[in-house]
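The lines below spell out each chain.
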Amino acid sequence: MRSIFYAVDFALKGLLRQKTKNLSIVALFALIVFLFSGIDFMSNALYNETLKALAFQPSLIIQDVRAGRQVPISLADMADIAKIPGVSSVKGRVWGYYFDPFTGANYTIVGDSGDLKELWDLRAILPDPAPSGAEPLFLKNGEALVGEGVIKIRRTRIGGVLNFQDHTGRPVPLKIRGTFSSNVSLWAHDLIVLTEEDARKLFGLDPGSGWDIAVDVPNEFEVPKVGEKILRINPGARVIATNQLKRTYGSSYGFRSGVVLSLNITCLLAFLILAYDRVARLSQEEQREIAILKAIGWQTRNVIRLNMLQSIILSLTGFLVGIVASYCHVFVAGAPLLRIVFAGWSVLYPPHPIPPSFDISKVFGLMFLTVVPYIAVGILPVWRAAVRDPEEVFRA
Amino acid sequence: MSIIKMDRVTKTYNPGKPNEFAALSEISLDIPSGQCTILAGPSGSGKTTLLSLVGLMSRPSSGRITILGKETTLLAENFRTLFRRGHMGFIFQHFQLITDLTVKDNLDLVLYPDGRPFNAIRERRTSLLERFGLITKRAEKASVLSGGEQQRLAIARALMNNPEILLVDEPTAHLDTTLSQHVIALFEDLRNEGKTLIIASHDPLVLAGGLAERVIHLRDGRIIRQV
Amino acid sequence: MIWNAWVLGLIIGQTATAAINAVAFANALRIVHNWDTRSTLPMQLDLEHRSELIATIVSCSLLFQVFSLMVFEITARSLAPFVPGAMCTVGILEAQPLGWPVLFIKMAALFLYGWWIVLNHLDNQVEGFLLTILKSWYLIALFPLIVIDLLLQIAFFTHLDPAVITSCCGVVFEVEGEGFGSSVASLSPKHTMLGLAGLLTVLLIFPLVLRRRSTQAGCIAYALGSAAGLVLGIAGVVAFVAPYVYMMPALHCPFIFLDEEHFNYGYLVYLPLFAASFLGTSVGILVAIERRFPFLAAVSHTIRMRFVWTSGLLWAAFLAAAYGPVIKFLIATGGTADLFQVGY
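Protein chains in written order, with this note's numbering: chain Z, 1 to 396; chain H, 397 to 623; chain D, 624 to 967.
These aren't lab readings, by the way, just hints derived from the structure by calculation. It is possible that part of the hints are untrue.
[Unchecked claim] Think about it this way: if two alpha-carbon atoms lie no more than 27 Å apart in a straight line, the pair counts; the simulated DSSO-like pairs of lysine-lysine are:
#: 1; chain 1: Z; residue 1: K91; chain 2: Z; residue 2: K140
#: 2; chain 1: H; residue 1: K466; chain 2: Z; residue 2: K13
#: 3; chain 1: Z; residue 1: K91; chain 2: Z; residue 2: K52
#: 4; chain 1: H; residue 1: K500; chain 2: H; residue 2: K533
#: 5; chain 1: Z; residue 1: K13; chain 2: Z; residue 2: K246
#: 6; chain 1: Z; residue 1: K13; chain 2: H; residue 2: K500
#: 7; chain 1: Z; residue 1: K201; chain 2: Z; residue 2: K175
#: 8; chain 1: Z; residue 1: K83; chain 2: Z; residue 2: K229
#: 9; chain 1: H; residue 1: K537; chain 2: Z; residue 2: K19
#: 10; chain 1: Z; residue 1: K83; chain 2: Z; residue 2: K225
#: 11; chain 1: Z; residue 1: K91; chain 2: Z; residue 2: K225
#: 12; chain 1: Z; residue 1: K140; chain 2: Z; residue 2: K152
#: 13; chain 1: Z; residue 1: K140; chain 2: Z; residue 2: K175
#: 14; chain 1: Z; residue 1: K21; chain 2: Z; residue 2: K52
#: 15; chain 1: H; residue 1: K537; chain 2: Z; residue 2: K21
#: 16; chain 1: Z; residue 1: K246; chain 2: Z; residue 2: K140
#: 17; chain 1: Z; residue 1: K19; chain 2: H; residue 2: K401
#: 18; chain 1: H; residue 1: K533; chain 2: Z; residue 2: K19
#: 19; chain 1: Z; residue 1: K229; chain 2: Z; residue 2: K201
#: 20; chain 1: H; residue 1: K401; chain 2: Z; residue 2: K21
#: 21; chain 1: H; residue 1: K537; chain 2: Z; residue 2: K13
#: 22; chain 1: Z; residue 1: K91; chain 2: Z; residue 2: K229
#: 23; chain 1: H; residue 1: K500; chain 2: H; residue 2: K401
#: 24; chain 1: Z; residue 1: K225; chain 2: Z; residue 2: K246
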């Protein structure tokens, strides 16, 4: 035990003697870890955000399609769908996007017919006293709950008025009654919740139709069967299972990060070659030192252990620096260097700041990816240097 | 009582290759305990090779070497090193200090692999530093020491593990006459303490003094004369 | 096929491990062919050096393999949301016939590397390289396992199909259900609890007895007991430790409590269990070596007594970790309630 302590002490002294060389290795290592972990932090955070958004989604969404494009769906089939065994609720939804010509931004508009209670739980600020649970409809016509992004881009505040136009160009003034809490910032960023009536007015939808139909199926395993039966009722419809969506998003993020990481492998390889070089091409001085240690009674395995310890210390330091830097970059600075990789989803875009999500167990995974190859690469050269006869080195 | 016994020891470098070269041939020697033996001869005569064989730093190509009653010829490298650590101290021609390290660290690292208690290491180090007048320099880097100080540090390092046998290679090669005489006096003290010394040197100063009980003259890898 | 950071990390790390093992394998072959302790030729010295290289590689491999096992579990857990029906590690392992084999190979590799290091440690203490040939053959035999580990792992991830519905821990470890996992989960919690406590008590008392009077037969008994301790320990985790950790009598999953939600409690249970059974079984291997090589007996004896002692302590740690949640539950309920009857 004590000899390990001495070895660590001596290893540190050895590393400190060659500050520039070792610092550059730590820096390079940190850079590699920075690249790898940044992507993982990012995809993880985005995926978590997406999950939060999907948590409010129904099990199935039914859309009507004409000529391959989505059109408003007739709500006439709702009663039939509600009769399918396993279905707990069916509702027609009125929602869509609104292009704001003043700011050039797109907002997501959701019409609330009193059944979007989940959304109410998310409000952050509401000037009126919080309504009791007995009152089902909280929004009155002409009022809206507005995401923070919209408030910011329109330079307004809670209690202010948004002036929108309906599809015929008539003005629709909306009073901002509240906004959403920050833990759903990703998907509530551009969200505006109106009464269903206001939403219909804005979109020009007639009362007999909605944009889509949401179907709830409590048992996940019954979802595919229910989907089939809906198709029998309305063969032209498009039925989307949201748990499928969850997986699609998940593997899409996973895939994106995987692709970027695979590109990073080149960096890793280049770094490993450098690392190999560090241990493989020992200077005369370093070889002499090893020879001295052996001559005064260090066994080969003591020398190997010393070198391995130095590799471990270097790589762990680099690893720590890299992961801390990456954490700050993604969660404090909002990942300015990585946003571009994950942009490209029209509806989802990285929020700012990204809500921190950190899983310590994943650190082990990253270590396996970086520290293990680094140490493995060093074994052969370290051994080769350690077994040279001291006499032979002194002679040279 | 002989402490080191060599029996028809031959050392050939690069055997079987065009540059094959016999550094020592058929050396048989008995070195008694507690005496100072000097290996004399011009450079290239095999003095250093002989020292490194006795110091178990290399293996003979043939023949047997018995040290402290232990047959070492076929000993594995691990155990050779262990044996060296337990019984022998080496003082190299070019001191071979780790010059980037402090005086203190140069001494301590001899005892690191044993994992001895820190206090034991410190005690041993302090007493040696005092003895060799280096105590004030203990936190300095070895590279800033003068030649004489470096030599004394090298001797102190060889004594850290309290060895029975001291192997010394050209101790005065880099020192002027005064310093050389001082170092020779140190070796006399060590011999008087009962250490077995084997010194390789062709410096007349070393040969002349009363240090050596025995002088072995080597030339071209053979013993030509013993005094 | 599923492709994310962890799959990539696992494959790269495992490839690195296999690569250094290939080096060790080649050197072991060389040693087996040319080893001659009576030779003074440079070749023999070279081989000695190579055996040092092998020892370094195996030590690193053990470390890597520990990582690999943990990362594999974490990866499987992180993939659970992408495979329908999977909610934790079990779901992913079930999704593909190679899942469980990969896990078991990784666990086996830990023990096999560990035993090799024990042999090496012993061999390094005694002059004469008595075990070098044995160690080399051992490594030659071990190499295919590492390659299979890598290949199966790659096959596992590339054939993992997000469209195939799998069953998760609720089904695999279902009480009264079918299959091996279910039969373990259906073990009576009370009897398992008593049985495991009994075995652990024996394993705790044994070191005390062996310290007084150490016999080879006693040590072999201890080794067998330790092997049984591993099996019964895992059975105990499924049968009662896990439900008590989750406070749910029907949830027997031996993986979920490794995650952060349960404060990584699983590691606290598994680490002492594996370490204790590893050291315990090593004692048996040392005895077997002593019988073949009486020359090593004295040194081996010191080593194995230290192992017996340490593994005894580790069994105590496992006992505490496994029964902690049970005791916590009893204290919380005043000792009157039974988790499996109240049905929390």
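Taking the hints in turn, this is what the structure says about them:
For the hint linking K91 of chain Z to K140 of chain Z, the alpha-carbon distance of about 20 Å falls within 27 Å, and the restraint holds. This hinted pair does not check out: K466 of chain H and K13 of chain Z have alpha carbons roughly 37 Å apart, beyond 27 Å. With a C-alpha separation of about 21 Å, the suggested pair K91 of chain Z and K52 of chain Z falls inside the 27 Å cut-off, and the hint holds. At roughly 9 Å between alpha-carbon atoms, K500 of chain H and K533 of chain H fall within 27 Å of each other, so this suggested pair holds.
Under the criterion of a C-alpha separation no larger than 27 Å, the hint pairing K13 of chain Z with K246 of chain Z is inconsistent with the structure, at around 52 Å. Straight-line distance between C-alpha atoms of K13 of chain Z and K500 of chain H comes to about 13 Å, which keeps the hinted pair within the 27 Å bound. For a cut-off of 27 Å, the pair hint linking K201 of chain Z to K175 of chain Z stands: about 16 Å separates their Cα positions. With a CA separation close to 10 Å, the supplied pair K83 of chain Z and K229 of chain Z stays within the 27 Å bound.
For a cut-off of 27 Å, the pair hint linking K537 of chain H to K19 of chain Z stands: about 16 Å separates their Cα positions. Among the hinted pairs, K83 of chain Z with K225 of chain Z is consistent with the structure: their alpha-carbon atoms are about 14 Å apart, no more than 27 Å. Between K91 of chain Z and K225 of chain Z, the direct Cα distance comes to roughly 19 Å. Compliance with the 27 Å bound is thereby established for this hinted pair. Our distance criterion of 27 Å between C-alpha atoms is met by K140 of chain Z and K152 of chain Z, whose separation comes to about 23 Å.
Using a Cα cut-off of 27 Å, the hinted pair K140 of chain Z and K175 of chain Z holds, with the two alpha carbons roughly 10 Å apart. Distance restraint check for K21 of chain Z and K52 of chain Z: the Cα-Cα separation of roughly 46 Å exceeds the 27 Å cut-off, and the hinted pair is therefore not satisfied. With a C-alpha separation of about 20 Å, the suggested pair K537 of chain H and K21 of chain Z falls inside the 27 Å cut-off, and the hint holds. Distance check on the hinted pair: K246 of chain Z and K140 of chain Z sit about 33 Å apart at the alpha-carbon level, beyond 27 Å; violated.
For the hint linking K19 of chain Z to K401 of chain H, the alpha-carbon distance of about 47 Å lies beyond 27 Å, and the restraint is violated. Restraint check for K533 of chain H and K19 of chain Z: the C-alpha separation of about 24 Å stays at or below 27 Å, so the hint holds. Under the criterion of a C-alpha separation no larger than 27 Å, the hint pairing K229 of chain Z with K201 of chain Z is inconsistent with the structure, at around 33 Å. Pair hint K401 of chain H plus K21 of chain Z does not hold up; C-alpha atoms about 47 Å apart against a cutoff of 27 Å.
For the given pair, K537 of chain H sits about 13 Å from K13 of chain Z by alpha-carbon distance, which is consistent with the 27 Å threshold. Distance restraint check for K91 of chain Z and K229 of chain Z: the Cα-Cα separation of roughly 17 Å lies within the 27 Å cut-off, and the hinted pair is therefore satisfied. As the CA atoms of K500 of chain H and K401 of chain H are separated by approximately 35 Å, the hinted pair breaks the 27 Å bound. Between the alpha carbons of K225 of chain Z and K246 of chain Z the distance comes to roughly 19 Å, so the proposed pair stays at or under 27 Å and holds.
Violation of the numbered hints given earlier is confined to hints 2, 5, 14, 16, 17, 19, 20 and 23; the remaining hints are satisfied by the structure.
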